[in-house]
Amino acid sequence: MQNIIWKLEGAGLYGAGKDRRLHPTSIEIRNGITAIVGHSGSGKTSLLNLLTGFEKPDFGTVRRNIDMNGFKTELFWSPHNGGLWPHLTVEQHLAVVAGKHGVEFSNTLLEEFELSDRRDKRPGELSRGECSRLSIARAITADPAVLVFDEPLVNIDSSRRRKNWKMIVGHAREKSKSLVYSTHSPSHIIGSADAVICISGGKIIYDGSVEKLYLDPPSEEVASYLGEVNWFVPEECQVWLGRSSEKPLSFRPEHLKISGSEEGLLKIRKYGFDGEMAVAELVESSTGRSRTFFSRTDGCHFREGDRVEIKFKNGKSNGDPAN
Amino acid sequence: MKVASALFSAKHASQKKSGNKLPHSKVRQGLTKREYKLTNKIIFDCLGILPYCILVSFLVTIAGRHVSRFMHACEIRGKIIVFCMLLGIYFVPAIAVGCCWSKVSYDLLRHPPLNNIFYSLLISMKLLPVSVMVLYFVPQTISEQGKFCMELTGEYSKSSFSRILFAIRNTGRGFNASLLVVFLLAFSEFDIASFLSVKHWTVSLFDLNAGGLPVIESVKLCIFPVFIELTLILVFLFFYRNEKWLKKNEASELDLKKRPVENYFSWIISFTGLIMLMMLPLLALLRNGTGGFSLVLDGNWFIKETMTGIIFALTSSLLAFYVSGIVFHRFAHGGMTLQKIFAISTLMLPGLMGTLPIALVMLFLFQMPGLVLLRDTPLPLLAAMTLFQLPYALFLRYAFSSIVQEESVFIAESALHSEVSRKGAAEILWRLKYAVKFCIFFIIFIPTYFDISISAVLSPPTMPTVFPRLYNLLHYGQNEKLSATILLSVIMPVAIFLILIACSRIIVPILATEEKNC
Amino acid sequence: MKKIVPVLITVLAVIIAVAYFAMSSRAQDSLVVYCAHDSVFAADILAKFEKKTGIKIVPMYDTEATKSLGLVEMLKAEKKSPRCDVFWNNELLGIMELKKEGVLEAYKGEGYDRIPAKFKDPEGCWAGFASRLRVYIINTDKMKPDEKEIKNRFAAGDLSRVSIAKPLYGTTLTHYCCLWSEYGEVKLKRMHDDWIARKIMIVNGNAASKDAVSGGSCDFGWTDTDDYFEAKDDKKPVAVLPVRLDSGKTICIPNTVAVIKGTQKLEKAKKLVDYLLSEECEVVLANSKSRQIPLGPVDEKKIPEEVWELKKWADEGISLSELSDIYPKCIQWLKEKL
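So the protein sequences, as listed, match chains A, B and C.
The working numbering numbers the first residue of the first sequence as 138 and each following residue consecutively.
The working numbering numbers the first residue of the second sequence as 68 and each following residue consecutively.
The working numbering numbers the first residue of the third sequence as 2 and each following residue consecutively.
Hints listed in this document are in silico derivations from the structure and should not be mistaken for laboratory results.
A quick note: this is a predicted structure, and the numbers were derived from the prediction, not measured.
Please note: incorrect hints may appear among the correct ones.
[As the list claims (entries may be wrong)] Restraint-style ranges between C-beta atoms, simulated for each label pair:
1. C/D235 with B/K146: 38 to 46 Å
2. A/G190 with B/I129: 36 to 44 Å
3. C/D235 with B/L565: 44 to 52 Å
4. B/L347 with C/R27: 41 to 49 Å
5. C/Q29 with B/I129: 37 to 45 Å
6. B/P180 with C/R27: 52 to 60 Å
7. B/T413 with A/E358: 50 to 58 Å
8. B/F338 with A/D257: 26 to 34 Å
9. A/D257 with B/I290: 41 to 49 Å
10. B/T413 with C/E337: 32 to 40 Å
11. B/L347 with C/W196: 32 to 40 Å
[Stated by the list, open to error] Capping the alpha-carbon separation at 16 Å, the derived lysine to aspartate or glutamate pairs in EDC-like fashion look like this:
12. C/K100 with C/E124
13. C/K57 with C/D45
14. B/K266 with C/E337
15. A/K237 with B/E547
16. C/K290 with B/E547
17. B/K104 with C/E337
18. A/K394 with A/E365
19. C/K336 with B/E486
20. C/K200 with B/D174
21. C/K149 with C/D247
22. C/K100 with C/E323
23. C/K338 with B/D174
24. A/K448 with A/E399
Even for Gly, the Cβ is constructed at its ideal location relative to N, Cα and C.
Next up, chain A with everything else stripped away, as it sits in the complex (with noise of 0.2 Å):
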C-alpha cells in the first residue's frame, strides 16, 4: 500500500482581491511519482506552492507525513525561477547542500548536467537552461526523500530534455524518492508518472492513474492534457465511426490508424505531419461533414480527394458495421 505524503482538505489559496487562485482541494499524494499538468496560470505552482510549505492555506488544511527513511532531509524544492542563490557559484550552490561527504556525488552531477566548466560561475552569468540545470542539480544533490520541482524542463533546450528527464526520473526510482512535478508536456509524463492531477482554473478537474487518464479520459479537455485525442461524441460515432455509441469514445493516435481505400467513406481534404503525427482533415462522403483526425503515420502520404478508412487498434475499420 503506497503511503499517502501530503493531504489536502479543503485547502485553496486566495489571489488578487478574493478571487481563487486554488479552489477548495481535498486530494491524496502518495510515494512514487506524481505529475501535476495544466495550462498556464491553472495554479499549477501555487497547488505547488501549498505542498512544499512556501504558501500557508488560506483555507482548508495540509497535511504532511514524509519518511525520512534514511534520506538528509524530507523534502527539496526546484521552483519555476530556480531559486537561486545569486551570490554563490555553481560549485557552491552544490557543496552547501552536499556538505563534505556529498562532494564526489555533486560533482558527479556536474558532469550529468553539463554544469562543470560553469562550476566557477554565478547564476547571474548563467542562461536560464543552466539555472534551471542547477536547481535540478542542486535539488537530488539534497538527497530529499521527495523532490519537488516547477516545470524543471520547460527552460532547458529540447537536446538536453530528453537526457535530463531520463537522470531525474532514473534517480528517484533508483533510490526510491517520491518526486511530484508539474509539467506542460505529455511525454514527461506518459511513462514517468505513476498518478496524474489535472488543474484548470485552480480546480481539479482530474486525479488518478496516468494510464486511465490516458486510455479512458472523462473528458476531451482532460484527456488533452496527455496529447491529442480522437473524441467522438455519441452523435458523432456513428457518422465518423459508423456505429452508435451512448457514452463519447476516445481514441488516442496510435489507436487510431489512416488508410487509402478506394471504397471508403472518408476522403482528405487536407493531411500533415506535426514532427509527431499526421493530422489529417477528413471529410464524410454523404453528410458533407468534416473534422480532424490525429494519427501515427507509417510514413503514407495522401493528397486532397484521396478516399481513405480509418482502422483502428482492433484491426477494424469505419466502414465495419460493428467495431
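Starting from the known structure of chain A, arrange chains B and C on it as the hints suggest.
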C-alpha cells in the same frame, strides 16, 4: 531663494501698506501677528533650503547609483572595502563633522549661497551611504532587456514626456526611494546646518524656541515642512500603489557590465567622502591630544552614559523595527489603497516633525495630570525615539521589500533542517534576508543614538545619555575630553555591531529556526 | 524574527527598568541639580561638595544644543511638580525669568552675604558668583587691540570681518539686553539693522565667534572671557579688550544659583548653595581653564594674576537688575528679526 524672497517681500509690502495689519483670512484663522510672522519665517526658510535639498537628493542618488552598480559588479573584496568606507562616513556623528568644517564656513558666511553649497556638499557626502544602501538592495522594476525593448518599439523616442514617464517608471522604486529618503534626511537635518550657520528651517525652529515657545506653537510651525515631506511620501506611495509589496516574481536582471569610468568614479567619491567626513574630522579630534582618553575613562560616567545611550537607541530601534514590520505585513497584500495611505501617513507624521518638536510634545504630554507620574521614567524618552524612527523604518521596509526571490530564501530556510547544509544555509540566509533587516536597523539606529534634542529633554535625571554631554563639552571648550568622548562613544556601538555581524553565523540559525516554529 | 524581536525588546526594557529603579532608589536622597555650567568643572566642584558633606548629587547638564529650551524652560514647565532642587545657571536672564514665574525659593545664607549687591537678588531668590566678562577678542595678526578703532568700526566701518554670536541666547542675549537698557529700544533696533546692513557676521555661538577671529576669518568679535582664554591657551594670536558701553560700564555676567521652590530637600539645597557661593568654590573656578572672575572677597594670592586683572573690569560692571523687564521684549524682537 530670490523667488521666495520676492514672494515674501510682496506679502510684506502689502502688509506694510495696510499698516501692519494681518490679512483678514489670517485673523479669521486666529493667528496673532507674531505667530503669522514666525510661521512666515519658517515657510521662507523651508522654501530657501528646498532647492538645495532637491539638488542634494539628485546628486547623491545619481552618485549612489554608480557606486551601487559598481558594488554589484565588483569582486567581494572591493565590495567589502567600499562598504566599510561608506559605513565609516555614516557612522561619524554630526558634531565631529560640524566641529571640523565650521571653521571653513566662517569664510563662506559672507556669501550665503556659497556657504549653502558647501553645506550641501557635506550633506551629500554624509548621505551617500544611505543612497548606496537603498540602491544596492532595491532592484529596478524593469530589466535592462525591458528598457531596450522599449527603445525598439519607438515609443521611447516619441515625446519627451513619455521618455520622462518611462524613466521614472524605469528607474523604479530604488532610484525614487533613494531620492526620497535622501531628501527627507537632508530636509530635516539640523546639527551640521547649525554648525555651519545655514539658514535651515530646523535651525530657525530651534532659534524660535529661544526664551520658550508654547508647544502648540512649535507644532504649528512644523506644519509646512511636514506637509512638504508627507506630500512627497504620499506621491511616492501613490505612484507605486499598483505594485504589490511582496513580489513573487523574479528580481530584475542586474546590469553587471564593467564600466571603468564608473569604477574610478566610485572609488574616488567613496575616498573623498571618507576623507572629508571621517579622516579629517578624526584628525581634528586627535589633534586635541590623547590625554583626554584617560580623563574620560577615569570616572564611570562615560561608560554609564554611553551604555545608556546605546541601550535606549537599541530598544527604540527594535520597537520601531517591530512596529513597522507589523504594519508592513498587515498592509502588504492587495496593493496600496487610500485607507492604507492615510493610516501610514498618520503613523509617519510625528517622526517627520523632527526631534525637537517630538521632544517638546512628549515633555508637554508627560506634564499632564496622570502622565506626570511617568515623566521621570524612561518611557517618554523611548516613546519619542521610537516615534522619530518609525517613518524611516516603515519606508525602508517598503523600499527593501522583495529584494530577493522569496523562493531562494525559503529553500535556504528548508536547508537549515539538514545537518549537512545547516552551516551553509545560515550564511546564505544572512546574505539574503537578515543582512537587509540589519541594514534597516542600522540606518535607523545611528541618528537616534547620535541625537541630542530628545535625549537632552526627556532623559530621566538618573539616566543621562552621552551625546548631550558632548555639547556641554563643546560649549566650554573641553576639546581634549570632547575628542576622546566622541571617539569612544562612536567606537562602542561600532564594536557592538561588528560583533553582532561576526556572530551572525550563530545567531542566524536560531533566528530562522524560531521563525519557522512561529 | 517574529518571536526574537519582541523577546529582545522585552529583555532590553527589563534592563532599562531595572537600571532605572536601581539608580532612582540610590538617588532618592540625592540632590537633583540642574547645571548649565561646564560639566567638567561642575562635576569636580559637585564631587568636592559630596565628599565634604556626604550629600549625593544627581546633576543634569544643559547643552549648547538645547539652550533654547534648556533647563530654564524645563524648570518653568515643572513648576507644579519640580524634580530639581538647585539650579546652577551660567548666566542671569534665565534665573530672573524663573524668579518672575515664582519658581525660586528665597534664601539668604552665608554665601549670599559675601556676594556684592549688584550681583544678587535683593529678596534672596538668586545670587551670582564666578562671572565672565563680555569682551572683544582681537586677532593681533589682523589689527591692533585698540578700543577706539573698534568703536569706529562699529559706528561706521566695514563689519564684514566682525563676528558676533547669535544674540538669541546666553551672554550675547544679555549683551543685547544691556544695550537696550543703555540705548533704549529704538536706538538698539536701528543699530542692529545697521550692523546687518553692513554685513556683520552672525555665527552660532561665542565659541564660533572666538574660532572665527582666532582662525583669521574675522578681525575681531564679541565673546566671553572663557572663550578668549581658550584661544589664548591654544596659542592663537589673540588679545582681549572689555566691551564698554557709552557710560564706560562693562558687562559682567555671573553664574547664578538658586533653590527651587517646592524642593523636598531644602536644608541640603541650602548647603549646596552656600558652598557654590563660597570663596572656596570661586577660587576653584578662577583657577579653572575658563578663569571665572570671583565676585565676592577672595585671597588675591589664590587666584591667577590674569583673573585678578579681569576683576578690575568686573567691578565696573553695569547693574543687571533692570534686565528682567527688558529681556522678554528683546527676545521677542530678536526672534522676529533673525
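inquiry  = Let me make sure I understand: some of the numbered hints might not hold for this structure. Which ones are they, in numerical order?
reply    = Failing hints, ascending: 3, 5, 9, 15, 19, 23.
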